[in-house]
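Just so you know, the sequences run in chain order Y and P. For the first sequence, this note's numbering gives the first residue as 1, with consecutive numbering after it. For the second sequence, this note's numbering gives the first residue as 1, with consecutive numbering after it.
Do not take every clue at face value.
Copies of the same chain are indistinguishable here, so a pair counts whether it falls within one copy or spans any two.
As the list claims (entries may be wrong) - BS3-like cross-link-like pairs, simulated, lysine-lysine; straight-line CA separation at most 27 Å:
(1) Lys286 - Lys191
(2) Lys83 - Lys201
(3) Lys83 - Lys163
(4) Lys201 - Lys255
(5) Lys255 - Lys163
(6) Lys191 - Lys211
(7) Lys211 - Lys43
(8) Lys163 - Lys116
(9) Lys116 - Lys212
(10) Lys191 - Lys19
Hints are computed from structural coordinates only; laboratory data are not their basis.
Number of protein chains: 2
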Amino acid sequence: MRNIRIIGCGAAVPENTVKFGDQTRYRMTGGETLIDLAEKAAKEALEDSGIGIGDIDLIIGGMATPLQAIPCNAALIHERIAKGLSIPAFDINSSCTSFVTAFDMASFLISAGQYKTILIISGDTASAALNPNQRESYELFSDAATAFVVTACGSGSGVINSKQCTYSEGVHDTELRGGCGLLTSFAMNEKNRDDYYFDMKGGRVLRLTAKKVPVFLNDFLTETGITMDDIDYIIPHQASKALGLIMERLGVPEKKYFDRVRDWGNMISAAIPMALYTSIREGRIKRGDRIALFGTAAGLTISILYMVY
Amino acid sequence: MRNIRIIGCGAAVPENTVKFGDQTRYRMTGGETLIDLAEKAAKEALEDSGIGIGDIDLIIGGMATPLQAIPCNAALIHERIAKGLSIPAFDINSSCTSFVTAFDMASFLISAGQYKTILIISGDTASAALNPNQRESYELFSDAATAFVVTACGSGSGVINSKQCTYSEGVHDTELRGGCGLLTSFAMNEKNRDDYYFDMKGGRVLRLTAKKVPVFLNDFLTETGITMDDIDYIIPHQASKALGLIMERLGVPEKKYFDRVRDWGNMISAAIPMALYTSIREGRIKRGDRIALFGTAAGLTISILYMVY
């Protein structure tokens with residue numbers, strides 16, 4: 001086990017919400033930025049952990065989308081919370097599962113003694129690029145930011161196993177093609193304007209997910225010798241309203257996983273950590289529980305991390 | 001020592017070059033993309049290492065800029081070289097030092113036994129966003145991609161120490177503000193058009209670098225007990241023509257570091273690995289040599305990795 005412990009967490013959403021039927025979504029309005037939410041989440045996580053920014057040895061930005069093309073998100077957040085300090089800051093990006101990948105990396109860095117305490121910040125602002133003409137995605141996503149402080153511990157808590165796979169046959173099913181290196185802002189015209197919106201081929205994503213997830217999960221359980229009964233609670237990516245369907249197919253009973261898609265939608269890289277944060281705050285998980293962070297991401301990437309909280 | 005060994009490397013630049021006085025720069029022309037260069041570099045690295053893509057356990061994209069806002073660069077490259085396989089793929093971004101951060105992370109993952117063999121791909125295409133009116137940066141950068149295969153080894157080669165710091169007082173000195181979450185392509189207008197170009201405040205970068213680098217390096221040497229004499233060869237970021245000046249201030253003799261700024265310019269995240277690749281190909285470093293990867297990045301981030309090749 002890679003002994004690390006979550007000692008504090010924070011989360012922030014925009015005040016503004018919109019409703020689509022019974023579904024609630026959080027959307028930023030003018031003036032607010034993801035950095036504002038990230039700063040708020042980070043400060044809550046630090047206060048919750050009872051330590052100061054000076055005790056943080058590394059800041060990881062675990063996010064799906066860049067705030068700017070240069071520099072990395074973590075450096076931009078560093079300016080808000082750690083200006084004047086020399087804390088290293090870099091990003092880890094596996095799209096919607098960025099928090100899981102970042103958490104996993106943090107566990108390797110801490111267990112190797114490279115850093116003692118790490119601040120992981122995950123969040124995205126889908127609203128900046130949602131296409132009003134693509135109803136399925138337009139009505140699904142929310143803006144949010146989250147932050148977790150993890151630190152070295154002797155025993156008790158930590159990551160037991162993790163696994164991640166990428167299946168690039170699905171790489172064009174979830175995309176935001178425009179704005180960066182391959183299709184710059186200068187190249188936007190009337191014909192390719194839609195390429196600068198987020199684009200999700202929902203049916204294709206669901207079919208590939210339904211095909212790959214059971215195989216991936218079965219491989220993970222076989223390779224590690226873990227059974228579904230060993231997992232006390234699953235914190236899944238809040239990918240879509242199909243979450244319940246996927247979980248049913250995997251044979252996971254409703255009380256054993258977190259689902260708040262109706263109230264939040266898909267918060268991209270903030271979805272899993274927001275579910276984890278809320279599970280902690282609501283007492284759904286307690287110290288010693290064996291939990292699994294589990295999700296799919298644009299790529300198609302699938303990621304699972306099995307840990308003792 | 002985190003025992004890993006470089007068993008293969010590759011590099012690719014565009015055919016097209018431009019000259020500014022005695023300075024040569026590589027710039028893509030229409031139709032070519034960074035993914036083409038990355039694919040070419042990855043294939044050379046695999047061939048050089050004598051293994052196939054099926055032997056790769058993880059693909060890391062260690063790049064400063066996103067190809068698309070979604071998904072991550074590594075997934076897009078996965079499609080070119082690993083389609084049909086389930087190799088995990090994610091990005092690590094610390095701007096110009098992304099290769100160093102990715103290499104460091106790979107050493108932790110391999111020494112912990114999580115993965116055996118990792119493919120790291122670094123590259124950027126500055127030409128997509130250079131501002132013709134900002135001569136200093138317009139005449140400095142080149143497009144390139146590089147790839148390295150690293151694998152577990154019992155002894156002999158590996159990472160001895162590494163250190164990274166971010167000083168966010170310099171976070172706005174090197175920026176590409178537009179195109180992503182904080183300033184989308186849709187928000188571009190005549191007034192803010194320059195925000196969608198790369199923007200480097202060269203004088204400020206140089207002053208902060210000159211102030212922070214000596215302190216950073218001294219701290220690293222003090223903390224680790226390494227002396228400059230222990231380092232056989234330095235592979236620095238080819239940041240600018242000031243490289244020689246910085247090295248002179250640090251007391252590093254000319255024969256002990258790699259400098260090809262005149263012939264290549266600054267290749268962003270590909271600069272350090274291109275210098276490493278060339279040092280290997282030209283026989284400047286040999287097995288058993290103690291080398292240091294060393295560079296500055298937008299952030300301002302400074303990174304060093306001391307290893308036995």
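**Hint numbers contradicted by this structure** = Those not satisfied are hints 1, 4, 6, 7 and 10.
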